[in-house]
Each structure stands twice: as structure tokens, then as C-alpha cells.
Amino acid sequence: MEEHRSNETETQGNPGHGESMDMVQDKDELLRKKDSEIHELQEASMIKEMEINVLKSKLKEHEQNTDSHVVKDDSEEILILRTLCKDKEFVVDALNKQVESLQEEILAFQQQQTDANVDAAEFKELSAENEALKYDCISKNERIDGLLAQIKQLESVSESSNTISAENESLKADIKVKNERLETLQQQVEMLEENFAHHQNELKVFSAKGDEDQAIVDQLHHDLENAKGQIKELEMKLKTAEEEKTISAQELAHFQSTFPALEDSRNREEAKRKLLESNLEVLKDELAKSRAAYMESKRELDSLSSKKQSIQKDEFLPVDQVYAAIGIDASGKSEVEVTVVGLVSLGISLLLALIFSIVSW
1 MEEHRSNETE TQGNPGHGES MDMVQDKDEL LRKKDSEIHE LQEASMIKEM
51 EINVLKSKLK EHEQNTDSHV VKDDSEEILI LRTLCKDKEF VVDALNKQVE
101 SLQEEILAFQ QQQTDANVDA AEFKELSAEN EALKYDCISK NERIDGLLAQ
151 IKQLESVSES SNTISAENES LKADIKVKNE RLETLQQQVE MLEENFAHHQ
201 NELKVFSAKG DEDQAIVDQL HHDLENAKGQ IKELEMKLKT AEEEKTISAQ
251 ELAHFQSTFP ALEDSRNREE AKRKLLESNL EVLKDELAKS RAAYMESKRE
301 LDSLSSKKQS IQKDEFLPVD QVYAAIGIDA SGKSEVEVTV VGLVSLGISL
351 LLALIFSIVS W
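Using the UniProt record's numbering, the letters of the sequence shown correspond one by one to residues 1 to 361.
Since the hints were derived computationally from the structure, they do not count as laboratory data. Nothing here was measured: the structure is a model prediction, and the numbers come from that model. Take the hints with a grain of salt, since some may be wrong.
Using 30 Å as the maximum straight-line C-alpha spacing, the simulated DSS-like pairs for lysine-lysine come out as follows [what the hints assert, rightly or not]:
1. Lys-97 / Lys-178
2. Lys-176 / Lys-237
3. Lys-178 / Lys-272
4. Lys-289 / Lys-274
5. Lys-97 / Lys-284
6. Lys-274 / Lys-178
7. Lys-272 / Lys-284
8. Lys-289 / Lys-33
9. Lys-272 / Lys-172
10. Lys-172 / Lys-97
11. Lys-228 / Lys-239
12. Lys-284 / Lys-274
13. Lys-178 / Lys-204
14. Lys-245 / Lys-228
15. Lys-232 / Lys-245
16. Lys-178 / Lys-228
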């Protein structure tokens, strides 16, 4: 008791005594919350037990029923009631376990509260470190969400070669950023491992103090478990980031492999277009030549017609002789007309071939 009073006088002279008082008040508030949680759980447990008793009474009523027809009809309901009873009992057991765990936590907090040698500064430092780790995990989750959003944006790739080139550069930059973030995550994992080793050393030191520091040792065990969980979580995030990096690299390789094929396809389409344009020019020239030949043949036909009329008018020769004189057979068609018709049909066929090639292209 005298040592306890001397410790109290030392804490009163210590400027951090106000912080320890705040911590005691926080612990009292936490104890009150735990007590209220225990009462709520006990009430829930009582309600569940009442429900179990009701279900058991119903089950007994169904089992005591001697009517075979009713038993057969209610067998399914009996099975359901038994299942519900088992479920309710499982829930009650879980609630009882939660009550026991909360009572153990209250006993631990009460032991910490009664222990006057608790190092408040160290507790505060560990709490701050825990909060920092929590915010660090939140920030890493936000970064990972940003990476996922960037990857979704990278999935919408355009077919044009210029857009693919730009997205290739964007993928390279994204992979560089991901490498930097992976290095940062690895550094953070190493820092957490160092903190974990530091906590282990602290645990060894505190375990040597005996029963007086048992509460602090338990808290350090709890912090060590939290640190282990955070390290595992960061390792999973690191693995996920590495997988995302691999996927991005594969996408970049795919884009780089498809880019030459797209260039070749575009070049082939350009060559095909130029070939069609040249064929079109050739067909236009042939059509112009055909039209010129047609006009020339028409002029010759007109001159021959005028000659025929002049011969018929002047000499009154028979029609057959006149046709023979100007090169027309008995059917009334001259070689010039045949030539003109052939040229016109050739031009029309070439024009149709050109239109068909343009439509198919």
C-alpha cells in the first residue's frame, strides 16, 4: 500500500498524469459500453431460450399426438421445429460465448484499471500506431481502387493505330507507376515486419516483469495479432498488385503484337483503294475512248446515210444495190453500227464491273 501511494504521488508530479486520467476515463466508458453489450446479449439469450422452450413444447405436442395421419402430416413440421431448435441452441451458445468473451474483456480492463503501474504513454503510442496502420490500410485500399479504375479505363481500346499507340504509352506509364507502388508496398511490409519484431522484443521484456505487467503483455499480444493480420492483408494486396502488373504487361504485349497487324491491314486497304482508283481511271479512259469511237462511228453513219439518200435521189438505184454500195447487208445493219454497238456494250460492261468492285470493297 505504501508503494502504491508513493507511485500515486509520483504520477501526480508527472506532467502526463492528465493523460493517464483521460485513459482511465476512456476505460471506464469502455467498461460501461461492455456492460451494456453484455446486458443486451443476455437479454437476447433469454429471448432465444424462450423461443427454444416454445419450439420444444410444440415439438413435444407433435410427438405426443397419437393420430398416425396427423403425425404423418406433421412430420415435416416436426423436422422443421427440430432444425429451428438446433439453430436457436446454436445461436444461444454463440451469444453465451460472446457474453463470456465480453466478461473476460471486462475483467482484463478492470485489471488494467486497478493496475497503477500501467505505462499510459506506451499504451497511447501503441494505439496511435494501430490507428496509423488502419489509415494506411484504408489509403492502400483507395490506391488499389484507383488502379482498378485505371485498368477498366485501359480496357476500352480504340481500333485506330494512333489511339493504340497512345494507349501503349499509357500502359507503359501505368506499369511504371505500379512498379513504384509495389516498391512502396514492399517497403511498408518491411516496416511492418520490423514493427512486429520490435513488438516481439517488447513482449519478451514485459513478460520478464511478472504478474504485474500481465495486462500489458496481453495487450501486446493483441497488438501483435493485429499486426500479423495487417501484414497478411498487405501481402495479399501486394500479390494482387503484382497480378495486376502481370495483366497490364500482358495487355501491353498484346497491344504491341496487334499494332503491326493493324498497320499491315491498313496498308493493304490503302493499296486496295489505290488499285481501285487506278482501275476506275482506266475504266474512265476506256469509256471516254468508247464514247469518242461511238461519236466517230455515228458521224460516219450520218455521212453514209447522207450518201445513201443522195444516191437514191440522184440515181434511183434499188435499195439492195444502194445498201451494197455503202456496205449495208440485207438486214439493214452496217458494220459501223455493229462496231458502235460492240463498243457501247464494252463500255457498259466495264462500268458495271467497276460499280460491282466498288460495292464489294
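Against the structure, the hints:
no.	hint	in the structure
1	Lys-97 / Lys-178	violated, 45 Å
2	Lys-176 / Lys-237	holds, 18 Å
3	Lys-178 / Lys-272	violated, 43 Å
4	Lys-289 / Lys-274	holds, 22 Å
5	Lys-97 / Lys-284	violated, 95 Å
6	Lys-274 / Lys-178	violated, 45 Å
7	Lys-272 / Lys-284	holds, 18 Å
8	Lys-289 / Lys-33	violated, 103 Å
9	Lys-272 / Lys-172	violated, 34 Å
10	Lys-172 / Lys-97	violated, 54 Å
11	Lys-228 / Lys-239	holds, 16 Å
12	Lys-284 / Lys-274	holds, 15 Å
13	Lys-178 / Lys-204	violated, 39 Å
14	Lys-245 / Lys-228	holds, 25 Å
15	Lys-232 / Lys-245	holds, 20 Å
16	Lys-178 / Lys-228	holds, 25 Å
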